[in-house]
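Those sequence lines, one after another, are chains S and E.
Counting along the first sequence from 1, when you hit position 306 you're at 661 in my numbering, and nothing is skipped either side.
Counting along the second sequence from 1, when you hit position 109 you're at 116 in my numbering, and nothing is skipped either side.
Treat the hints loosely; a few may be bogus.
The list that follows gives simulated cross-link-like pairs (lysine-lysine, DSBU-like), each with its CA atoms no further than 30 angstroms apart [claimed, not checked]:
#: 1; chain 1: E; residue 1: K59; chain 2: S; residue 2: K401
#: 2; chain 1: S; residue 1: K590; chain 2: S; residue 2: K435
#: 3; chain 1: S; residue 1: K499; chain 2: E; residue 2: K193
#: 4; chain 1: S; residue 1: K620; chain 2: S; residue 2: K722
#: 5; chain 1: E; residue 1: K59; chain 2: S; residue 2: K499
If you are wondering where the hints come from, they were derived from the structure by calculation, not from laboratory data.
Treat the numbers as computed from the prediction; the structure is a model and nothing was measured.
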Amino acid sequence: MSDRMVIAEPLPNDTLAATTPRHSNGSAPKRPDIVEVRELRKVFVKRTKADVSGWRKLLPFGTRTTETFTAVQGINFSIKEGEIFGLLGPNGAGKTTTIRMLCTLLQPTSGTATINGYEIARQANLVRQHLGAVLTGERSIYWKLTGRENLEYFAALYHIPPLIARRRVSELLERLDLANRADELVERYSSGMKQRIAIAKALLASPPVLLLDEPTIGLDPQSARNLRELILEIKREERTILLTTHYMEEADLLCDRVGIIDQGKIIALDTPSNLKSSIKQLDVVQMEVENLDPALTDALNQLPAVRHVVSRYSDAERVWSLALHADDSRGILPHLIELIGSRGGQIRHLAVAQPSLEDVFISLTGKQLRD
Amino acid sequence: MTFTHRSLISELRALITIAWKEWVIFKRYPSWVIAIVIWPVLFPVGYIFTAKALGGPAGVDLAAFRALAGTEDYVSFIVIGSILWMWLNMTLWDAGLQLRNEQMRGTLESNWLCPVWRGSILIGSSLTKLATSLFCLAVSAVEFRLIYGIRLASGNPALLALVFLLVIPIIYGIGITFASLVLRFKEANALVFLVRGVFMIFCGLTFPIEVLPGWMRSVAACLPLTYAIRDIRAAILTNVTLAELMPDLTILAGFALAMPALGYILFLATERRSRRTGDLGQY
């Protein structure tokens, strides 16, 4: 078997070079793009049982119909070396499908993407050599092996020479604060520790690109905080990170740039501060209201200068949370308070806040990230 | 610059590491003792006592059996068939379900994300299953010697070894084919019952296939285990020569090449389909 690392070269891609300038205005060179995604599209074909009536419902086999679902609709973006790029969007927006295509688990229907210069469809194995991925978190490792055994196993699957592998495994265990539990079975680890082993696995080959799919989902607040610090540490090693999240605070804290994705399309892409500035002319009024008549949100939407109103009911606290975007909050506040009071609602909390990434999402889509 | 350095040696190392991982996980489940030590003894007992009852006191009614099977030693006859069936059964449950088990554990995608050759993932874990199965068969042979007085190492050991060498790729070819089908349909039980049911009925597991109706014998002639069971019985229970077995061995050699190839082609097709549909991580 040949040594593919030596003989393979990144595919030339004139189109990408033409659309992605590497230098601007002859000034200091910009960092090159290490991930480039062009017109990436994924259509799933689903075969479902046709709607039948009567006795035919009892049959195990019936007429089937074919439905298509476009999960990703021709998206474009690029990520610079050493950057943390976030794909922010609600569940089902197309984040995970995108990341699965980039890590070669899923074949795109059309479009292309390169990782470190290697094309995901034609050079899949080289792409896998140059990226680490954490997709299903704690389920991506063997619970019946110890932390060390897991890492040694995956080091062999990454073709890392044994001496380097042993050193690398010890380094990573030490660095991720797992050294003292390294020889215990993973099934005895906490969720946060399992997630750290999964990240250590992704870092084993020292890849220039890391793909993290919802890395903090299911973690307790402390573990999530620790993991975010770790992601920032990894960034300081000049590695490039693409992460998906539906936590706007996470995207805001970690990402140099954020692509907001909804229904398979990237609807905004910029730095978190630029995205927030884009709606700075809007005031964001946040309220918590008890006994709110749900029909009132329609009435609030009719108030002059109100752009969007989104509401969510908390079963635990029995309170409605409202986020209202308006051109002039001072002008509408008296109307707002009067209207809610007249319908029997009691305002528990009211604040005019700075726009967050969630507000950007609301202003673009009219719905919340966690709808 | 990554630490990845792909070469033939690194691929072999990956393959051995996959086999090692399977072994470590296998021995951390204590139920392996039942699979290896107890089950082989229990499995053929029912068939042996049925045969004993049908054979009458001191085997007076065994003449018909001898005419069809070429031996009066019905206990060894049944035990040999049941050993082969047990081996196939273990392969279907172990090697055949290996990818599905990884899928349900959530680790299949982790393996797929690595730049390792896909065949190594399949062969590596099959190696461990092969080793444990052969160990189980060896334990069975010792137990049968002690409990039923059967000497499986008698007859023509060289010929027996040759038949076994041909049977290994056939059994694991069936296992790989099965693994791909299970990954595709995400349902193992029905498939296991179907496959082993077919082999149990048509391959003369506990009876000479001469008792089957004509059409069933035609089906039996298409199944590799029919030849494997017949040849192993011949090598142990009769003084058969290599020349006499050559026609059967040629057919077995054909199956030994065809079954792994069929399994790998099906595996590649399943992998391609999974990349298109995205169902690799779904369970």
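Verification of the supplied hints:
1. E:K59 to S:K401: Violated. E:K59 to S:K401 sits at ~56 angstroms, over the 30 angstroms cutoff.
2. S:K590 to S:K435: With a Cα-Cα distance of about 12 angstroms, the restraint between S:K590 and S:K435 holds, given a limit of 30 angstroms.
3. S:K499 to E:K193: It holds: about 23 angstroms lies between the C-alpha atoms, which stays within 30 angstroms.
4. S:K620 to S:K722: OK: S:K620 and S:K722 at ~15 angstroms, within 30 angstroms.
5. E:K59 to S:K499: 45 angstroms, violated
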